[in-house]
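Build out the structure end to end from the sequences listed, making use of the hints.
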Amino acid sequence: MKDTCTEISRCVLYSCPGPHAIILVLQLGRFTEEEQKTVSLIKSLFGEAAMRYMIVLFTRKDDLEDQSLDDFLGEPNDKLNNVIAQCGKRYLAFNNKAVEAEREDQVKQLVELIEEMVDRNGGSYFSEKIYEDIDRRLRQCLMELEETYAQELTAEIKRIERECAHKSEEEKKKRIDSAKKNYDEKMENLKEKAEENILEYIFKKIC
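Oh and the sequence shown: position 168 is 168 in the working numbering, straight run, nothing missing.
Nothing false has been slipped in among the hints.
The calculated DMTMM-like cross-link candidates involving lysine to aspartate or glutamate, where the alpha carbons are at most 25 Å apart (straight line), are:
{"no.": "1", "residue 1": "97", "residue 2": "63"}
{"no.": "2", "residue 1": "174", "residue 2": "184"}
{"no.": "3", "residue 1": "193", "residue 2": "7"}
{"no.": "4", "residue 1": "43", "residue 2": "200"}
{"no.": "5", "residue 1": "97", "residue 2": "35"}
{"no.": "6", "residue 1": "204", "residue 2": "135"}
{"no.": "7", "residue 1": "79", "residue 2": "48"}
{"no.": "8", "residue 1": "89", "residue 2": "71"}
{"no.": "9", "residue 1": "181", "residue 2": "169"}
{"no.": "10", "residue 1": "158", "residue 2": "170"}
{"no.": "11", "residue 1": "61", "residue 2": "71"}
{"no.": "12", "residue 1": "181", "residue 2": "196"}
{"no.": "13", "residue 1": "181", "residue 2": "147"}
{"no.": "14", "residue 1": "172", "residue 2": "156"}
{"no.": "15", "residue 1": "204", "residue 2": "132"}
{"no.": "16", "residue 1": "158", "residue 2": "144"}
{"no.": "17", "residue 1": "205", "residue 2": "35"}
{"no.": "18", "residue 1": "37", "residue 2": "48"}
{"no.": "19", "residue 1": "43", "residue 2": "115"}
{"no.": "20", "residue 1": "89", "residue 2": "116"}
{"no.": "21", "residue 1": "180", "residue 2": "144"}
{"no.": "22", "residue 1": "61", "residue 2": "115"}
{"no.": "23", "residue 1": "97", "residue 2": "66"}
{"no.": "24", "residue 1": "174", "residue 2": "146"}
{"no.": "25", "residue 1": "2", "residue 2": "34"}
{"no.": "26", "residue 1": "172", "residue 2": "185"}
{"no.": "27", "residue 1": "108", "residue 2": "71"}
{"no.": "28", "residue 1": "108", "residue 2": "70"}
{"no.": "29", "residue 1": "2", "residue 2": "135"}
{"no.": "30", "residue 1": "174", "residue 2": "163"}
{"no.": "31", "residue 1": "97", "residue 2": "70"}
{"no.": "32", "residue 1": "186", "residue 2": "163"}
{"no.": "33", "residue 1": "191", "residue 2": "7"}
{"no.": "34", "residue 1": "205", "residue 2": "133"}
{"no.": "35", "residue 1": "108", "residue 2": "119"}
{"no.": "36", "residue 1": "174", "residue 2": "188"}
{"no.": "37", "residue 1": "205", "residue 2": "192"}
FRET-style restraints, in silico, Cβ to Cβ:
{"no.": "38", "residue 1": "135", "residue 2": "177", "range": "33 to 41 Å"}
{"no.": "39", "residue 1": "173", "residue 2": "152", "range": "15 to 23 Å"}
{"no.": "40", "residue 1": "59", "residue 2": "79", "range": "17 to 25 Å"}
Since the hints were derived computationally from the structure, they do not count as laboratory data. We treat Cβ as the ideally placed atom computed from N, Cα and C, and that holds for glycine.
Here it is in structure tokens:
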């Protein structure tokens, strides 16, 4: 379940301020205990409202052979059918062995289903308190890191100027340019660093 929590944490972070669609990917076959726990975790974390933004995507459609997806779902499987019902019966299956034309058609079907759902939801993205919290913390972390890096650069330049007081301007300039380059590199990775810090917070909150 730790891996599931990690993946959900990443999904929360990278879909801020909220997703237009939540794709629940399940392998055709038995609705496993871990998959059931994943659905329960999503509902406990985001609330029942999240189901209005969810689509169930089955993989390994090729395993059905001559059986249709509807026939498969018509078999006794109350827990799985209950999840599908809560999703507004939005589901489809991908053939893992599909060739190029069929692969493109599968993607088209998924996109159409997403667009249809987004329209039904009034074009709004899903938002819950956790997204508001994460978005606020992420923006705060970005500001704090930016301020910290600027202070570090200022302090480093002052240190260089003190140390180079009796040295050539060329050497001083070289060291200051190096410090500025280091600062620029940190700024380029600013968002990545902030996300890394927030990811740990999300994981602890979820799990």
